[in-house]
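Start from the sequences, fold in the hints, and give me the full structure.
Same order as they appear, the protein sequences are chains A and B.
Counting along the first sequence from 1, when you hit position 862 you're at 862 in the working numbering, and nothing is skipped either side.
Numbering-wise, the working numbering comes out as the position in the second sequence, counting from 1, plus 1000.
Treat the hints with caution; some may be incorrect.
Under the rule of at most 25 Å between Cα atoms (straight-line distance), these lysine to any residue pairs were calculated in the SDA-like manner [said to hold, decoys possible]:
#	chain 1	residue 1	chain 2	residue 2
1	B	LYS1193	A	LEU396
2	A	LYS318	A	TYR276
3	A	LYS327	B	ALA1035
Simulated from the structure, these hints should not be mistaken for lab results.
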Amino acid sequence: MTDSKYFTTTKKGEIFELKAELNSDKKEKKKEAVKKVIASMTVGKDVSALFPDVVNCMQTDNLELKKLVYLYLMNYAKSQPDMAIMAVNTFVKDCEDPNPLIRALAVRTMGCIRVDKITEYLCEPLRKCLKDEDPYVRKTAAVCVAKLHDINAQLVEDQGFLDTLKDLISDSNPMVVANAVAALSEIAESHPSSNLLDLNPQSINKLLTALNECTEWGQIFILDCLANYMPKDDREAQSICERVTPRLSHANSAVVLSAVKVLMKFMEMLSKDLDYYGTLLKKLAPPLVTLLSAEPELQYVALRNINLIVQKRPEILKHEMKVFFVKYNDPIYVKLEKLDIMIRLASQANIAQVLAELKEYATEVDVDFVRKAVRAIGRCAIKVEQSAERCVSTLLDLIQTKVNYVVQEAIVVIKDIFRKYPNKYESVIATLCENLDSLDEPEARAAMIWIVGEYAERIDNADELLESFLEGFHDESTQVQLQLLTAIVKLFLKKPTETQELVQQVLSLATQESDNPDLRDRGYIYWRLLSTDPVAAKEVVLAEKPLISEETDLIEPTLLDELICYIGTLASVYHKPPSAFVEGSRGVMHKSLPPRMGSDESPESPDTAPSGGPAADQPSVIPTQGDLLGDLLNLHLGTPVSAPPVATPTVQMGAVDLLGGGLDALMGGSDGIFVPAPNTAAPTNVGPPLGTGLGDLFDLTGGVGTLSGSYVAPKTVWLPAMKAKGLEISGTFSRQVGSISMDLVLTNKALQVMSDFAIQFNRNSFGLAPAAPLQVHAPLAPNQSVEISLPLNTVGSVMKMDPLNNLQVAVKNNIDVFYFSTLYPLHILFVEDGKMERQMFLATWKDIPNENETQFQIKDCSLNADAVSSKLQGSNIFTIAKRNVEGQDMLYQSLKLTNGIWVLAELRIQPSNPSFTLSLKCRAPEVSQYVYQAYETILKN
Amino acid sequence: MIHSLFLINCSGDIFLEKHWKSVVSQSVCDYFFEAQEKAIDVENVPPVISTPHHYLISIYRDKIFFVSVIQTEVPPLFVIEFLHRVADTFQDYFGECSETAIKDNVVIVYELLEEMLDNGFPLATESNILKELIKPPTILRSVVNSITGSSNVGDTLPTGQLSNIPWRRAGVKYTNNEAYFDVVEEIDAIIDKSGSTVFAEIQGVIDSCIKLSGMPDLSLSFMNPRLLDDVSFHPCIRFKRWESERVLSFIPPDGNFRLISYRVSSQNLVAIPVYVKHMISFKENTSSGRFDVTIGPKQNMGKTVEGVVMTVHMPKAVLNMNLTATQGSYTFDPVTKVLTWDVGKITPQKLPNLKGIVNLQSGAPKPEENPSLNIQFKIQQLAISGLKVNRLDMYGEKYKPFKGVKYITKAGKFQVRT
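What follows is the structure, encoded as structure tokens:
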């Protein structure tokens, strides 16, 4: 007799039959009927029509029947709120039942009924259950608070349940503690600024005690909560680590990974000279490796996290290379991750093993995996210099297999190897050329063309080869077309005599017959360069290229540090900070690693320090979280040759008319070398370096004068005398060298003397609060006024206001208390260290999703770009870079609010147009509008 | 936390859904189906999928996808561990975790899911506690229930739920008190073409079946505990005792459970009990090839290697295989291209051999890949790492239990490259 009988349908009126059975007098029949209803519900059938009949079965002392009815209720109460209310009485009664199981069940079920009317009735029983004598009921009630908060947050706050919940953290029963922590964490997620989980050494101690005794799931909640704590010194950090370490041997992998997170984070505070530091490093390796013997899904998540850990602390797993070797029946997603980590761990010591493995993988069946393996060989060559030769020969062996996709991948990576070790392995070019015909993927074709162009002088028939590609120029992808154009120009510069025709052909194809602006522009540049000054052209086009390095595929260090704080979470799987993707993470809480203490090291731990020297002077595309094996070809496209400054060539403007204005865009900051039409007559002297594209974008002279403080608006009347029994208050806000103040004028317009002034602010969005009491020294006589500057700070309590910059103030004197509200300009919150590094700026700009970008128009502003940037700098809006695009000035600016929110801005100024366009990007887009208002106020005054 | 759960079978039917918060429409599974289609093979569906409003975290077990829907930042491992626990519980309750079993017991399944998770937080996941709350179905009970009208839901508070030993219920009583331990070791290894070991490690577990009355306090000691340096423990084990004395001291759960799992990895410790001589080659342009494999015993510590099975995924171009086995029988599935050779026991006097001709598709190019050989075997009475239990002591109870330890070594992911 199985439950499958419940699925068999009889004839037509199924619902009708069930209804009859539910109303039957026989208990047994009733129960069977409810079971049938539940069975239908589980497969998504709509049985909501039976609601009243099922609810009627609720008043029973049969626990199973009760549970079944509860199950049904939870599912359908939402659609039948009026009917659901009928069940309330039973719930309230059950909450008083002598059996704790029933009390808990009732409070649990009530929380799951997401009907407003019911939640009101829930409060009293819940309050009782939170203080129930039975811990089983208390722990169930703790979770119920979280449920209720999800339905009606205000109600929970008003009823003071949050405080009760906080008290439960000190409960005697570890399970209750764990559930309270879980509930608070969930609530805190929707209230990022509230200090719900205000941890101090005492509460930490309680949590650590509970950690040893609660269930595995409770341990996860507690560990995740511990990870948010910031120990006050290295001693405390070490003692927490010591108590967390035993969790590494837990059978539940989620417990292990949460423990790893806590340890990785607190380790940051320990001095590296400490013996304990070394012990801890040793203890971390085995549990991480053990995770890899679990089910494939667990392995996948573990591998994504290990990927972060080996970047942060490569020493932990450096001897464990072999566990990442791929087994042929691993799922593909595990294989690809293992491969990634293998390259990260590759070093001179183990490279032989790694290469042997990779070669093995290159003969597997799965095409994606084989491709990645081939690429990995190239990465090894770039990472471990001593192995380059072996890698190249391995790749050549693979090319000999003639398997089409293997050959193509190999050519792509060999091109990268050439970029890393120029003039070393060119002997293989002949072999590569043999495979020219089999290349059908754009990436491989482009790579091959690049090689031919770059080494044109060593390939006798380079012109023929390139010409053969040129025949199908129109059918090629843009990538290939661009490469082909560059390669032919290179060839021309190397062998000018034989290839004139070819270069003309490609230039006209690119400039006249293509719809692609990139291609056209690049064509024009070459054309102009070639026709004006072939010597300069040679220096630009054939300039030495910066060497590529393996750092390009590492995660950017600040992001990495943030991700380490998110080990074990979705963020660690996606390698993106949660703010970038988690919907409903309403506020931006950036986590950061604690600074190291007790040693003379810089706060940044040394192994994460600069993300790569070469990247610094090559400010091009930094693939922040790009795929490890990402393509390096694009780097070439994105990094226009960084040429040494050309020795002031004289440009004959007559020859270059065809270029129009498009060029300026590419020339970046060099202020209009090729000025269009107006002054064509006179030859222009060209000074600045050519073709540095993006590189120049950020080349801004920093000579912007700093003003002493930010803009201060004139005082306005905030509290008219009429409303305040004769006290008039007018005022404004100012910011000077890092301190905010509220400048007030108090005027006594009454007939009596005023004294005993005091001021208080309501909670507000940025926690503004008076830093000192309001001091009016002498009593204020009638018709007298006094000017006061009240210093403010931003450590007050925070509550989001609407509008965001609304501030509610209460002023008291001997007569009465008066209330007014005012709007403060946001720029008083812009802090002095709001200048972002260029690299950071680029990365952050890209990182913030486009939905967060807002555009505004600033009308009627007649300032030029320099004036604008110096004016804004006065108010702590910093210009990071400036460039000129098609006659417009683009200013890239950053600012930081007192609460750490960064706002990035792009300000577009057209010389002839008094309207500026302001694009703002911020992780908390709600501030954008107010930042715009600040811009407008500053610029217009 | 976990929002909803969908159970989906291999043909893409959602046959069960359960929501712990608001109801999420079935249509969210479309993203999963999309990923499934892309992955082609069921095993290759990525475990974490993001959709515009939700995240789908799934596991694949016993031909069923367990797809959970989450909405906020939740540790994925937490979800995956939980899903595996759900599958384990079904297995435990119904003897198998299959679509039929779940459908046959749908109401119990629903009750279980409700007990296991509350508002997305795990509630009771220990099988001991669950069994007190909801009795597993037995034929006898359902007959009795239908006569007496009693139910299979317990109406007392599960005793273990609140005690410091949540894994054990009170009042356990047996007439025969017994404690059995199975030391099971699996060898994971990759052997390269030339027969040398690329990678080898031992994954060991000690599974226990303990039927002891009352509240026994056990300690289990080993002859050579130093072998165990990477161990995961059942929560019942006292970590401090292990750290200081290398003794497993615990109050056991009732019934079957995994006491510890461990890993022994340093290469020289891992003995490889079999060797394989192989010759697989494809001739250019003749659409045929040769296949010749011999398996023999190596460091087997004088025990018999038995239950040997070899499986090979042959390249796609292989049409058929004409082989002769000196021992056991072989099958070749021309659809999946899997060759299975059931060898049985290896006798060192006459080594099992399988050889013959491989027929390729005519005109197809010579296959590039070299098929890996997957070997399974068993060795009774041996823990290949050398781990040995010294003694088991019981405190806290008066009676004398029956004790027993069994050792077995198996092949895990044991692969030989050709």
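Hint check:
Straight-line distance between C-alpha atoms of LYS1193 (chain B) and LEU396 (chain A) comes to about 21 Å, which keeps the hinted pair within the 25 Å bound. The suggested pairing of LYS318 (chain A) with TYR276 (chain A) holds, with an alpha-carbon distance near 19 Å, which does not exceed 25 Å. At roughly 23 Å between alpha-carbon atoms, LYS327 (chain A) and ALA1035 (chain B) fall within 25 Å of each other, so this suggested pair holds.
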